[in-house]
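A.B. asks: Line order of the protein sequences matches chains A and B.
Residue 1 is where the first sequence starts when you use this note's numbering, and the numbers rise one by one after that.
Residue 1 is where the second sequence starts when you use this note's numbering, and the numbers rise one by one after that.
Don't read these hints as lab results, they were simulated from the structure.
Glycine is no exception: its CB is placed at the ideal position from the N, C-alpha and C atoms.
Treat the hints loosely; a few may be bogus.
[Said to hold, decoys possible] Computed footprint of chain B on chain A, listed as stretches where at least three residues anywhere in the stretch have a Cβ under 8 Å from a Cβ of chain B:
{"#": "1", "segment": "378-386"}
{"#": "2", "segment": "395-404"}
[Said to hold, decoys possible] Residues of chain B placed beyond 10 Å of chain A at every Cβ, according to the derived structure:
{"#": "3", "residue": "A30"}
{"#": "4", "residue": "L31"}
{"#": "5", "residue": "P37"}
{"#": "6", "residue": "S42"}
{"#": "7", "residue": "L46"}
{"#": "8", "residue": "G53"}
{"#": "9", "residue": "V139"}
{"#": "10", "residue": "Q167"}
{"#": "11", "residue": "L182"}
{"#": "12", "residue": "G216"}
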Amino acid sequence: MRFPGRFACWILIALAAPVARICAAQAATRLPGELAWTIGYDPKTFDPAKVDDQESEMVRYLTAGVLLRFNRHTQEVTPSLAESWTVSQDGRTVTFRMRQGLKFSDGSPLTSKDAAWSVRRVLLPDTKAPVAEEFVSPAGVTVDTPDASTVVVRLPKRVVGIGKVFDEIAIEPAGRPSEGRVTAGPFVVSDYKRSQYVRLKRNSYFAARDGSGNQLPYSTGVRLDILENPEQQIRIFTRGGYDLIESLPPDYFELLKKTAPNTVRDLGAGLNTEQLWFNQAAASPLPAWEKSWFENRAFRVAVSQAIRRDDLARVAYLGHATPAYSFISPANTVWYDSKIIAPHTDVAAAKAGLKRAGFRLKGTQLVDAAGHPVKFSILTNAGNAQRNKMATLIQQDLGALGIEVTVVALDFPALIERMMHTQDYEACLLGLENVDPDPNAMMNIWLSSSENHQWNPSEKKPATTWEAEIDRAMNDQAVSANPVVRKRAVDHVQQIVADEQPFIYLVYPNVLLAVSTKLQGVKPAVLEPQVVWNVEELRTEVGR
Amino acid sequence: MRLKVPVLAVLIALVLAACAIVLAPGTSYALQDRDLPLAGSSVHHLAGTDALGRDRLTRVAAALLLSMAGSIAAAALTTAAAAGVGAMAAFAGEGVGWAAMLVCDVFLALPWLFLLMMVRSALPLNTSPGNSAEITFFVLAALGWPACARAVYRGALRLKSADWMLQARAGGLKRMQVIRHLLPNMLPLLVPQFLISVPAFVIAEANLGALGLGVGPPLPSWGGMLLELDNSAMLLQTRWVYFPVALLVAVLLLLEAVAVED
Numbered sequence: 001m002r003f004p005g006r007f008a009c010w011i012l013i014a015l016a017a018p019v020a021r022i023c024a025a026q027a028a029t030r031l032p033g034e035l036a037w038t039i040g041y042d043p044k045t046f047d048p049a050k051v052d053d054q055e056s057e058m059v060r061y062l063t064a065g066v067l068l069r070f071n072r073h074t075q076e077v078t079p080s081l082a083e084s085w086t087v088s089q090d091g092r093t094v095t096f097r098m099r100q101g102l103k104f105s106d107g108s109p110l111t112s113k114d115a116a117w118s119v120r121r122v123l124l125p126d127t128k129a130p131v132a133e134e135f136v137s138p139a140g141v142t143v144d145t146p147d148a149s150t151v152v153v154r155l156p157k158r159v160v161g162i163g164k165v166f167d168e169i170a171i172e173p174a175g176r177p178s179e180g181r182v183t184a185g186p187f188v189v190s191d192y193k194r195s196q197y198v199r200l201k202r203n204s205y206f207a208a209r210d211g212s213g214n215q216l217p218y219s220t221g222v223r224l225d226i227l228e229n230p231e232q233q234i235r236i237f238t239r240g241g242y243d244l245i246e247s248l249p250p251d252y253f254e255l256l257k258k259t260a261p262n263t264v265r266d267l268g269a270g271l272n273t274e275q276l277w278f279n280q281a282a283a284s285p286l287p288a289w290e291k292s293w294f295e296n297r298a299f300r301v302a303v304s305q306a307i308r309r310d311d312l313a314r315v316a317y318l319g320h321a322t323p324a325y326s327f328i329s330p331a332n333t334v335w336y337d338s339k340i341i342a343p344h345t346d347v348a349a350a351k352a353g354l355k356r357a358g359f360r361l362k363g364t365q366l367v368d369a370a371g372h373p374v375k376f377s378i379l380t381n382a383g384n385a386q387r388n389k390m391a392t393l394i395q396q397d398l399g400a401l402g403i404e405v406t407v408v409a410l411d412f413p414a415l416i417e418r419m420m421h422t423q424d425y426e427a428c429l430l431g432l433e434n435v436d437p438d439p440n441a442m443m444n445i446w447l448s449s450s451e452n453h454q455w456n457p458s459e460k461k462p463a464t465t466w467e468a469e470i471d472r473a474m475n476d477q478a479v480s481a482n483p484v485v486r487k488r489a490v491d492h493v494q495q496i497v498a499d500e501q502p503f504i505y506l507v508y509p510n511v512l513l514a515v516s517t518k519l520q521g522v523k524p525a526v527l528e529p530q531v532v533w534n535v536e537e538l539r540t541e542v543g544r
Numbered sequence: 001m002r003l004k005v006p007v008l009a010v011l012i013a014l015v016l017a018a019c020a021i022v023l024a025p026g027t028s029y030a031l032q033d034r035d036l037p038l039a040g041s042s043v044h045h046l047a048g049t050d051a052l053g054r055d056r057l058t059r060v061a062a063a064l065l066l067s068m069a070g071s072i073a074a075a076a077l078t079t080a081a082a083a084g085v086g087a088m089a090a091f092a093g094e095g096v097g098w099a100a101m102l103v104c105d106v107f108l109a110l111p112w113l114f115l116l117m118m119v120r121s122a123l124p125l126n127t128s129p130g131n132s133a134e135i136t137f138f139v140l141a142a143l144g145w146p147a148c149a150r151a152v153y154r155g156a157l158r159l160k161s162a163d164w165m166l167q168a169r170a171g172g173l174k175r176m177q178v179i180r181h182l183l184p185n186m187l188p189l190l191v192p193q194f195l196i197s198v199p200a201f202v203i204a205e206a207n208l209g210a211l212g213l214g215v216g217p218p219l220p221s222w223g224g225m226l227l228e229l230d231n232s233a234m235l236l237q238t239r240w241v242y243f244p245v246a247l248l249v250a251v252l253l254l255l256e257a258v259a260v261e262d
């Protein structure tokens, strides 16, 4: 028998991808004292004012000098380039006192004029800086410099948590934006090879010093390899090529736990949530009877009651997740409301609720009052193993109610197109990344007028009374200076969401990290960037 | 031909075994045993379970049946289409033949994998898993006929100038009578094309499944199961994750052995 040539070709084609992948798993050369880890894709911009994606945010965090820094460990705002700062009684005037002798990485002096110019730049509509929205009314903000070391920012109205906003504004040389090449932060961008790496070098003029008076940062630089594949990441990490891996998938966490148990850390539930929601958009092309299910509170509650969240956490996340019932995680100790009453797993109650709402079983299939079989698709993004597993688990859970679910995994751009533009989908399973524990940062999700109000985006006026109530409560907490009033308003929103289930919360994934035993100065936090939030204090044993 | 008999027997035995496994009472390719994800071999799960606790043996058997049935149906469709186009191109005159082969060449030049991906992703989201399987194989058949048609065309041209054909025409046989005689004479051309197409469609469906565009869950597919091999964490949990790929390679070798000419 001769060897079938065509089959040999198939085998070669099938082997080509993994072989190419293995060959590609070579990190760039590591310089002495340099820290190294990965980012998933090329940063969309190096301009710190225009940052709108996670990887650009990472580069900004590592390079930007900021007036105030939000400490991810203590969750407090601390002075950075500013020596001190005050907020007036009415919350509308913020005054910064700059440190003396500040310099940019090129040796030029850094004064209040540079700080004012940088703040004004992000407020300009032409800059299209996402951070400008956090000033609520950026057009009405004025910035003055009474002297070389004082900056005064006047707001048209109080902005709760204004200090954290300045953590996102990089101070650049006035009139000379440099896309991270001239900074006042710990590092500057020194080299970028598309799809390969971003290399940062130490800013020798960085203002911070440690307790012994030593200049920070300790490391000579940072290399961020652009690499999405966790297989390669882990292979290079275990060879010592990377110092850390943030957001480790649970199965790889378990793998590393076996091979290098000293390197992995499970910090428990993070701030992020995974949730399912039904499309309630008025403009969606779904048939009216299908929309009526999704707008029906009893239907949403029944679906929520049928989902076995414990199984999602145990099977899809291998136990590295916590069942979720609210948009605020228990990790967010200040804002989490442990007293909310939310639908928990109860299939009998779900069936009874559906029956009361006019649904009935026809054989094994659930049908609505008009006899339409209840079937819908759950959309999620391809390539996310946990979400795909959760969707398949939910498919079986809802089968117990007689609901036929189709799981569809689309690539992210196709999913966003359906979700945000055509609104041609029935249900969607995605996660929400919360970088800020303050619920004020979630205004863009909860306000009914927001385009990120995913179950019914950009409502001209609230479609339901409970959405109007959420709008009112979120606006109340956004302008109140009283922490008790704010907490009460946020608790109220948590209870409304638990009652109405516009988002059916599934799990809070745990924060899973891998940190090299050679990396010194690590104080992991649940807030991003979880390991490198104190990058200036990190160093490898070799570089010490 | 001597080799083909035992090979066919093994293939048929595999299919019968798969039928027995899938139809055995109490088994389901979709049922999740959530207390036993990624379990090894046991009395209840001979080939262990997958990441969602589903019986791997049942899923592999179901994937084998689905893939074989779909690929055979798609190959039959492709061969029928190729026979029609190839014969028409050969017998309908030079201009038509040239145009038909031009269409074939255009089809062959298309990036078929991207086309398949486009078609699959354009399907309504609530297409049921069963329908998604049917559509996947139909699309494979719709895109797979041109190479086959080219081969049939060349063979049909040879038939057109064969002695028996000239005698038939000279003898005054009508067109329909000629076609009736043509079909049995084309069988030696069509059978190999059919046999070659079956493994090609098996592998194409596995490719689509690996891209997440094949048969929808919870229906099992080779591609979906091969995706498990992309995860070294899973490979260390149980060696049974290699079972689907081992069986796929074995089935492809058997199909290839059947298709290969003596």
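A.B. asks: Of all the hints numbered above, which does this structure not satisfy? Sort the numbers upward.
C.D. replies: 3, 4, 5, 8, 12
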